[in-house]
Amino acid sequence: GENVEQHPSTLSVQEGDSAVIKCTYSDSASNYFPWYKQELGKGPQLIIDIRSNVGEKKDQRIAVTLNKTAKHFSLHITETQPEDSAVYFCAAPSHISNFGNEKLTFGTGTRLTIIP
Amino acid sequence: GAVVSQHPSWVICKSGTSVKIECRSLDFQATTMFWYRQFPKQSLMLMATSNEGSKATYEQGVEKDKFLINHASLTLSTLTVTSAHPEDSSFYICSAPTGGSLDTEAFFGQGTRLTVV
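Line by line, the protein sequences are chains V and B.
Just so it is clear: in the first sequence, position 97 is 97 by the numbering used here, and no numbers are missing.
Adding 116 to a residue's 1-based position in the second sequence gives its number in the numbering used here.
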């Protein structure tokens, strides 16, 4: 099955600076890599994802990069704001279920704190 | 993005009783839904895959007789925690992929905080 490692586990960043969270995965067949943001007491919210046919994707202040050769992908948040404070999870497909939807294996999470 | 609704958002029950959690896809049909459990300050651990019209698939170490899953329609899956005990207290979250391709986006419900006293 898929093994996903995420670091750092905690990250404190001054407001306005950039934050970078990195993940590695083990299954070279994986082709879809989402990032989720989870606020306290809520379910994870999909914030950006990338598929293996591209190396980078950007959505306003958020970007994700993918290096398939090295099997790692990263989340970049620029111009951080206090509302970016949350726990962020990366994920990668573990294997194909019988119904064609891949199960996601999650990283261990990064608690991001934006210091005003 | 697509909307997945989970109910209730929190529940407190007595030890030995059963609790049912509902997961609905509001604006799309989901042949598959996933149920996760999350302990404080930990990641999401997949418990089972709920398949519409057939039996759920459970992950290793998850008791299928304790965590009953029913996926009777394309928009509703339920998780029933039977004979709940304090160690079952956790945050339960469902998710549903919006399509059947291998790189389909998955959206999560709001989660249900279960406290067994």
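Note that these hints are calculated values from the structure, not bench results.
Note that this is a predicted model, so its numbers are computed, not measured.
Yeah, the Cβ is synthetic: ideal placement off N, Cα and C, and Gly gets one too.
Careful, some of the hints might be misleading.
[Claimed, not checked] Sample of chain V residues lacking proximity to chain B, with all beta carbon distances greater than 12 Å (derived):
| # | residue |
| --- | --- |
| 1 | Ser9 |
| 2 | Val13 |
| 3 | Ser18 |
| 4 | Asp49 |
| 5 | His76 |
| 6 | Glu102 |
| 7 | Thr105 |
| 8 | Thr108 |
| 9 | Pro116 |
[What the hints assert, rightly or not] In silico DSBU-like pairs for lysine-lysine, Cα to Cα no more than 35 Å straight-line:
| # | chain 1 | residue 1 | chain 2 | residue 2 |
| --- | --- | --- | --- | --- |
| 10 | B | Lys130 | V | Lys22 |
| 11 | B | Lys157 | V | Lys58 |
| 12 | V | Lys58 | V | Lys22 |
| 13 | B | Lys157 | V | Lys71 |
| Of the hints given before, which are not true for this structure? | The structure conflicts with hints 1, 4, 6, 7, 8, 10, although it agrees with all the remaining ones.
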